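I would like the entire structure built from these sequences, with the hints used as guidance.
Chains as they are written, first to last, in the numbering used here: chain A, 58 to 384; chain B, 901 to 1000; chain C, 107 to 195; chain D, 631 to 1141; chain E, 44 to 145.
No lab work stands behind these hints, which were simulated from the structure alone. Worth double-checking, as some hints may not be accurate.
Claimed, not checked - So the derived list for chain A, only partly shown, Cβ under 8 angstroms to chain D, looks like this: (1) G186; (2) A192; (3) D216; (4) H312; (5) T316; (6) L323; (7) F337.
What the hints assert, rightly or not - Straight-line alpha carbon distances no greater than 20 angstroms define the calculated DMTMM-like cross-link-like pairs of lysine to aspartate or glutamate that follow: (8) K789(D) with E993(B); (9) K275(A) with E193(A); (10) K789(D) with E374(A); (11) K185(C) with E193(A); (12) K1045(D) with D1113(D); (13) K84(E) with D137(C); (14) K275(A) with E162(C).
Small disclaimer: the values here were computed from a predicted structure and weren't measured. Where is the CB? At the ideal position from N, CA and C, for every residue including glycine.
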Amino acid sequence: MSILIDILLAIIMVYLAIQCLLTPRLIQSVFLFFAFGLGLALAWVRLGAIDVAITEAAIAAGFLGVLFLDALKSFAPKVSVKQDNLEDIYKLPRRNIKSLILPRVILVLGLALFLFIALEAVWMIPDGGGLTASAEALLPQSGVEHPVTAVLLNFRAYDTWLEIGVILLGLLGVFVAGGIKLYKKPGASKPDPMLRQVILFVTPVLFLFGAFLLYIGKTGPGGAFQAAVLWGAIGILLHLGGKPIFAMIPRWLFHLILTMGLGFFLVLGFLLIADGRTLFEYPPAYAGLLILIIETLGAISIAAALTAIYANLNQMEEETNEVEPTT
Amino acid sequence: METYQIYSLTSAILFIIGIGGIFMARHFIKKIIATVIMGGGVFLSFVSFAQRDAITFADPVPHALVITGIVVAVASAALALALARRIYQLTGEETFTNDK
Amino acid sequence: MNVFFIIVSVFLLLNIALGLFRVWRGPTIADRLLTTQLFGTTGMAILIVLAGYLQELTLLNVAITFNVLAILLVIGLVKVWKIKKGDTP
Amino acid sequence: MIHLPSSPFPALLVGLPILMATLSLFFRPGGKAAVGLMGSILTAGLALIAFVEVTQRGTVIHILGGWEPPLGILLRMDSLAAVFIGMTAIVGVFISLYAWGYFRAQETSAEGLPLFWPLWLFLWAGLNGLFLSNDLFNLFVTIEVIGISAVSLAVLTGKTPALFAGLRYLLAAITGSMAYLFGVSLLYGSTGTLDLGLLGEVLEPGPTTSFSLLVITLGLMIKMAGFPFHFWLPPAHSSAPAPVSALLSALVVKGAFYILLRLWMEVFGVSLTYAAGQLIGLAGAIAVIWGSWQALIQTSFKLIVAHSSVAQLGYLLMVFPLLILAPGVSADSADWLSPAWTAGIYQVIAHAFAKASFFLSAGLIIMALGHDRIESLRDLVGNMRITALAIGIAGVSLIGLPPSGGFMAKWMLLKGIFLSGQWWWAPVVLMGSLLTAGYVFMLLRLAFAPAREMNTFRPVPKSLEIIALMLALGSFLIVFPADSLIQFLESSGVFGSGIESIIEGGVYGND
Amino acid sequence: MMIKEIITVILIVVGCFFFLAGTLGVLRFPDLFSRLHALTKADNLGLGFIAAGMAVYIASPWAALKILSIWVFTLLASSTSCYLIARFQKEQEQPENRKEQE
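Next comes the structure, spelled out in structure tokens:
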């Protein structure tokens, strides 16, 4: 009976995914992408993955959605807007369709075949049993009570550490690709009074709810990444409200905040190695405390990185400084 | 048919839709969205198997992997967006058709 | 009671599916955007109902996360359209 | 339980570059370079110490967090990983030295340029992590670290062609890693473990395994620019700054090959089919011919070198069919397997040295001329003697003339081809060498030709030329320790004894 | 059935009715503004009823607070975005933009 929910949800998700890619207008693609994210979050809920659902809501639909929306601003044509109906702004240029038909037919047929094999593979999958039992057995030694947090920050802490590095790396990549715009104060935009009210109201909520998610990560769904996005949202809001925090603090402090999570994690690991243990092998008595510190610092760092990614992208078009040729 | 099977089949479909989108969509943004959809399919398959392997709770390892994976995918998508916007800013191109 | 919750969830999902018809039909962009909003509200309702059905109160956290970030999205939207208005004389 | 000696080196090899990368962020451009160079030298030194440790103690492991697989992650440094890490260290430190001089000699204001150092150290950490990793998902994270840092490095100049190439590269990389991850998901679902060693023991053939083999192989082939997916490589490698091109070509694409080799040999042993091997070999063969041909008709130096990379990577793909004998065919000699995969490793090393040297020379030529159109290479010998020498030596190794490392690789490949009875690959190897000779000699002929008009060669730092030359010489020097190197590779006991015995004996030497 | 459950059922059924009304409005009403009106009013009311119903069912003050905040936030987001969509449409209907309408 409850399977009806799943079937409907699956159909809706597939429809949204296809429609999102087929629709000719960019703005609609982005909106359908939010809807797809919501559908996916419902699917995670149905599969009992609340942590994943919160992450999806926070970072994949929320943060990425904001980035996509911001990109729409950039892709709006800068000339000849007034002649056209606004509807057509995001319409893609039409090109010769005929030359594309044959390769596309071949591609679609190939994909259909691939889909068939994939479905067979997924349907016939043997039951491997998973690692639930071993995770459950070792959970008491991990320092936390929530199994997903235990895996993320203790059993597979190495992956999580690298992942914090990946976010920092993403920020560096954005710097390289778009120029470092972060430290410049944005152009004189008069702050919107209504926006300021909203920010005043929402910021404490974001902060408190983020802290709440971080805190309950020890015992239930929630944790550093989800909290980080909510805290990052504060930075984004402040940026939108004309208060770019990273342009206002000294640079070394910004770098410190940015690298704090990764650095503390790593230095702790090295100290543990010096102590004759292995990387990230916490002493059992302190495991809970260390995980909490790592999560807090990590969340702040990730929040800073996400804010910086957004702020840098948001200011990308502020001034066009041509890059001089090098090679 | 069990719940997890519906979602694992859906995951394969989303995966293929994503691949198709990456090849067939022309606009940069749509290609990037397609990679995210493809990733969604992959993560869905992880989590669907986790639900199958549930005992007292669902298998936490795939959940953790998926959280890591989502964050990594978002970081790559952000970089891709930065590149796409920079290209548009410098050349006005929004597809690969005229690059060289 | 569980059966009732399932029926409600299915009903709400069907509601979304119906709304998707508008996405397909249009005719204006605003119409299509509207439906995404319908999806958002209905999705919240489904999350709340599922929270009761699965006896899993943490689902409410998912809904709250979605909500607070939806506000961020809306503010971002204001910004996008403001820029565009600047372009139109 | 695992009976292998534990060592802190694997963890340090990943941690140290990231620590230095993080530190370098705090400095201004000049300081970034200094910290970055120091980080490179420290990492290289650490890698060599770790290499020596492996030669003495054999395979060492590092159980992260003290949690054993399947729940935890294990870093394993066996002889194969040690060889790759050592190669990365040597090539990496030379390229770092070159980059130090190269970026100082450029008068440029591209804002991102100082970020070369943190990005490169992250890339190095990712490569070390990849070579050491023994966990399918961790491999995904490391290839993402490598992918993001490689793309960022490729667009360092911020110019339009580089941006286009970078976006193409990034989209290809994401597609590849997501395809890989889908395979990982299916493998985890069907076995309940992510650890390579355990997976090899419990994996059973079936449609799911075959499909994951397919998507993982396709995904990694996209990452290593294997034949139908090579489209992103030439623009990305040719539009990057010279030290970055060298890194991308010499090291980054080898990461995907390393995973592919490990997975085929250690994990998928039972479910490999003869046809799968032949198919991937065919892709390699086409890449060899097509890439070399494309290199022959290019008119810019960097594009020649980039297309030549496609061809040389094709040789790596041709290793895979040799690992699987045709049904019913028994090999002439018992040890048919060893020449095949050691040929792959040798090709990786020889190509890393030669191609790094080529790209570094290309950077010098651009520095001297302002462009890299090949007709201007006339009288290169008269103006930049050392660079011309480097190109010549590296070219000889690329062709595979004795006594170069490239020759060793191709000779062992041919040996593997004939021992496994798959003679039809031999003409491809020879044909590839012939075409390679074509473009290398075309370059050399131009270099020796008298100048037609006054070519204005600006002076370039001699130290940079010497670095390029030393890398070229490196591709010859690797021949001398060949016997001990092969012995060392085989000593890891992972691949040496053939696929069947791996499955029976287990990987950790457990009992 | 307990009285609590009866209240829940009634509230949720009323909520569902509003949702249905909203969707039908979106499907059937002739122009954007009436569709907008239908959707905002109906869905927010519907969500309110369902939220109230579930709050009664779960019967924990902490959860009730969360549900209330979900409702408030959804109201905030949806009314702002409705206003935006309406303004967007208004801009399109400026004389120089009038070209494609229905």
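Results for each hint:
The criterion of a C-beta within 8 angstroms of any C-beta in chain D is met by G186(A), whose closest approach is roughly 4 angstroms, and the hint holds. Interface restraint check: A192(A) against chain D, minimum CB-CB distance 6 angstroms, threshold 8 angstroms, status holds. The beta carbon of D216(A) comes within 5 angstroms of a beta carbon in chain D, closer than 8 angstroms, and the hint placing it at the interface holds. The closest approach between the C-beta of H312(A) and any C-beta of chain D is roughly 5 angstroms, which is under the 8 angstroms cut-off, so the hint is satisfied.
Given hint, T316(A) at the interface with chain D, holds; its Cβ is 5 angstroms from that chain's nearest Cβ, closer than 8 angstroms. Hint status for L323(A) relative to chain D: holds, with the closest Cβ pair at about 6 angstroms, below 8 angstroms. A hinted interface residue such as F337(A) counts as satisfied when its beta carbon comes closer than 8 angstroms to some beta carbon of chain D; here the least separation is about 4 angstroms, so the hint holds. Under the criterion of a C-alpha separation no larger than 20 angstroms, the hint pairing K789(D) with E993(B) is consistent with the structure, at around 14 angstroms.
The straight-line distance between the Cα atoms of K275(A) and E193(A) is roughly 15 angstroms, inside the 20 angstroms bound, and the hint therefore holds. About 16 angstroms separates the Cα atoms of K789(D) and E374(A), which keeps this hinted pair within 20 angstroms; it holds. Between K185(C) and E193(A) the CA atoms are separated by roughly 48 angstroms; this puts the pair beyond 20 angstroms, and the hint is violated. Between K1045(D) and D1113(D), the direct Cα distance comes to roughly 15 angstroms. Compliance with the 20 angstroms bound is thereby established for this hinted pair.
A hinted pair counts as satisfied when its Cα atoms are at most 20 angstroms apart, and K84(E) with D137(C) qualifies at roughly 16 angstroms. Restraint check for K275(A) and E162(C): the C-alpha separation of about 17 angstroms stays at or below 20 angstroms, so the hint holds.
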